[in-house]
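Respectively, the protein sequence lines represent chains A and B.
Going by my numbering, the first sequence opens with residue 1, and the numbers climb by one from there.
Going by my numbering, the second sequence opens with residue 1, and the numbers climb by one from there.
Calculated from the structure, these hints are not laboratory results.
Virtual Cβ for every residue (Gly too), placed ideally from N, Cα, C.
Coverage of chain A stretches by chain B, computed from C-beta distances (three or more under 8 Å per stretch; other residues unrestricted):
#, segment
1, 95-105
2, 134-141
3, 211-223
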Amino acid sequence: MSKIDITVDGVKFSVPENINLVEALSHQGIQVPTLCWYQGMDECLGTCRVCTVKVGGRHSAACTMKTQKDMTIEFDTDELKDLRRGVIELLFVEGNHYCPSCEKSGDCLLQAQAQDMEMTHSRFPYEFNNYDLDFSGKNILLERNRCVHCKRCTELFSDDEGHKVFSFIGKGAETRVVFDHEREKKLSPHKAKEAMDLCPVGAILVKGQGFSKPYGERKYEKEPLWEKK
Amino acid sequence: MEKRKIIIDPVTRVEGHGRVTLHLNEQNQLEEARLHIVEFRGFEKFVQGRPYWEAPVLVQRLCGICPVSHHLCAAKAIDQIVGVSDETLTPTGRKMRRMMHFGQVLQSHALHYFYLAAPDLLLGMNSDVASRNVVGLAQMNQELAKKGILLRKFGQEIIKATAGKKIHGISAVPGGIHKNMSDEEIQFFKDGKEVPSIEETIQWCLEVLEHYKTFHLKNQSDILSFDQLESNYLSLIGRDGALELYHGELRCVDKDGRKVIEDMDYLKYLDIYEEEVKEWSYMKFPFLKPLGAQKGWVRVGPLARINTCEYIDTPLAQKELESFRSHNGRMPHGTLLYHWARLIEILHCAEKIQELLDDEDIKGENLITKGTRTNTGIGFIEAPRGTLIHHYDVADDDQITKCNLIVSTTHNNTAMNSSVFQRAKQIWETNPDRGEEFLNEIEVAIRAYDPCLSCATHALGQMPLKVELRDFNDVEIRTFTR
Ligand code: SF4
Ligand code: FES
Chain A
1 MSKIDITVDG VKFSVPENIN LVEALSHQGI QVPTLCWYQG MDECLGTCRV
51 CTVKVGGRHS AACTMKTQKD MTIEFDTDEL KDLRRGVIEL LFVEGNHYCP
101 SCEKSGDCLL QAQAQDMEMT HSRFPYEFNN YDLDFSGKNI LLERNRCVHC
151 KRCTELFSDD EGHKVFSFIG KGAETRVVFD HEREKKLSPH KAKEAMDLCP
201 VGAILVKGQG FSKPYGERKY EKEPLWEKK
Chain B
1 MEKRKIIIDP VTRVEGHGRV TLHLNEQNQL EEARLHIVEF RGFEKFVQGR
51 PYWEAPVLVQ RLCGICPVSH HLCAAKAIDQ IVGVSDETLT PTGRKMRRMM
101 HFGQVLQSHA LHYFYLAAPD LLLGMNSDVA SRNVVGLAQM NQELAKKGIL
151 LRKFGQEIIK ATAGKKIHGI SAVPGGIHKN MSDEEIQFFK DGKEVPSIEE
201 TIQWCLEVLE HYKTFHLKNQ SDILSFDQLE SNYLSLIGRD GALELYHGEL
251 RCVDKDGRKV IEDMDYLKYL DIYEEEVKEW SYMKFPFLKP LGAQKGWVRV
301 GPLARINTCE YIDTPLAQKE LESFRSHNGR MPHGTLLYHW ARLIEILHCA
351 EKIQELLDDE DIKGENLITK GTRTNTGIGF IEAPRGTLIH HYDVADDDQI
401 TKCNLIVSTT HNNTAMNSSV FQRAKQIWET NPDRGEEFLN EIEVAIRAYD
451 PCLSCATHAL GQMPLKVELR DFNDVEIRTF TR
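Okay, chain A solo, but in the shape it has when bound (with noise of 0.2 Å):
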């Protein structure tokens, strides 16, 4: 793969060309927060915004661009680390996250980031949304007081045989992540529990399970975000 320049923060980084810019950046040790992407994801989805940065002096979100000759890139500025702290507050003010009662808290990658950003309150107010848990599931709860929409589930997870079970319904801010019966009834417990993985935040939850880590065996205990920086 050949190489190219880059610049970012006005630094110099010789990287490949035409690969993802945030695993890019992580390998030069630059780590960009992101929410709906992770590393070795094949397609982005684009959904967050957490991943911000400027690239050409335009806003962009990092995990949608691949490298190119010449890119200057802006990252560790205050504006833009304000600003994705800003697009993480708008996260919690929208949906219902509580996290001391939460069993996802420790493995929730929205909680890791937003104590990676220090962030301690919220500038928005708060919206209290009406948000309903379906129950309807035999393996599976959502819990759609916490989904961010990020649409891991929907387009990154099939079961067994290869079919999406999640989807969206309705539109704008009254979207909705819903799963097929059928085929949610059919999922494995390890089918279940990659689900549950695989959503960044306590949306998706195994029924029955939940608590089953101690505190400091964690996901985001064991490999804080922060250390990684």
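Use these hints to put chain B with the ligands onto chain A, whose structure you have.
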């Protein structure tokens, strides 16, 4: 003559918020005392619609003082939902939970005794309010205060090792526990490096008891005459009538020690329980149906447990029980005896923790079990302040459809009102203008029960005290506030 009413608001050094009104009749005699609980939090409501496995973590947020009791009581109830009982839990699950509970009772009792009660007792309930606290206690007896603080820390560390955190742990899950104890964690409580070792802890408990007893015997007549309240006593009870804090049958004895409720399976509590609502309080008034609303109220907590039990199954606490009974008789009713009873329980918890630290089962790997799914979960536990009840109904789709919580302080509701009444009446009849003493003694009466008013109404807040004196037309004629 006008009817008069005295209000005490706020009550200090009590968890939560309360206010006392004293009602006078036309003859200017004190007729009634009411401890008003003025906040409402509605925990039972917002547990509805949540998944059942979340309950043990969610409901413990009721309280920052004894969250472990709520955590474990909910876990016991939810065990039933997944078809598990205390008897069918794995040995590691059962013993880890017990250890957590003993740590909790130890730390909560130590907090209450050293930070809340001892300043009243040892410094004098009418000493200067500004220094009547743990700092004042430390100035008087530094060694004692230091031991008190470290005893509490020991209990908190036990909670951390078993629940994961000192407050709001998450380890009790449906059907068991999600962690065991490692050799290092066990060693932490034996080597005496960072916290007093378990041997030292037991030794200190004995010393504190000795210290209390000396004080008690010197001041016996004051302590016993402070408030004598003949009542029924309710608690869980262990095998053959042993003192039991975690799991057992339900026993209720009357003022003479006669069993008014034969030891019964607590799952049938609805057969004997009813709750009365009064328009002036958010806190309900539970009573035992067979005895009726007038006579069916009970006292719970340390004195109740000491009075219902036949013996204690740890040797040092048993000796202390014998000493307690030789001084106070088999069925004492002095409200301030709650403190002595509390200290015996601290010792019992420390002895139990010692047993468990030497038990190989706490290192076991088999943590969780499962049975046949049901729709009703009822948990009882002896929280530090007394019998705590959690009751959940869960639909087939796993959502909680109903939650009822009867907390220890609620059990003691009628008793607290009666104790306040008795105390206030005596002061009113002898010297109604004692002002500050009026406030102090009513507070001390309430505090003996170690009430957690925020738990009792599932309410949030600081508890300060205001006493209002009201006449027979319910017109406020005098207010004592601090
Ligand atoms: S349920 Fe989870 S994975 Fe699916 S869209 Fe919502 S947050 Fe994303
Ligand atoms: S991580 Fe880039 S848009 Fe979500």
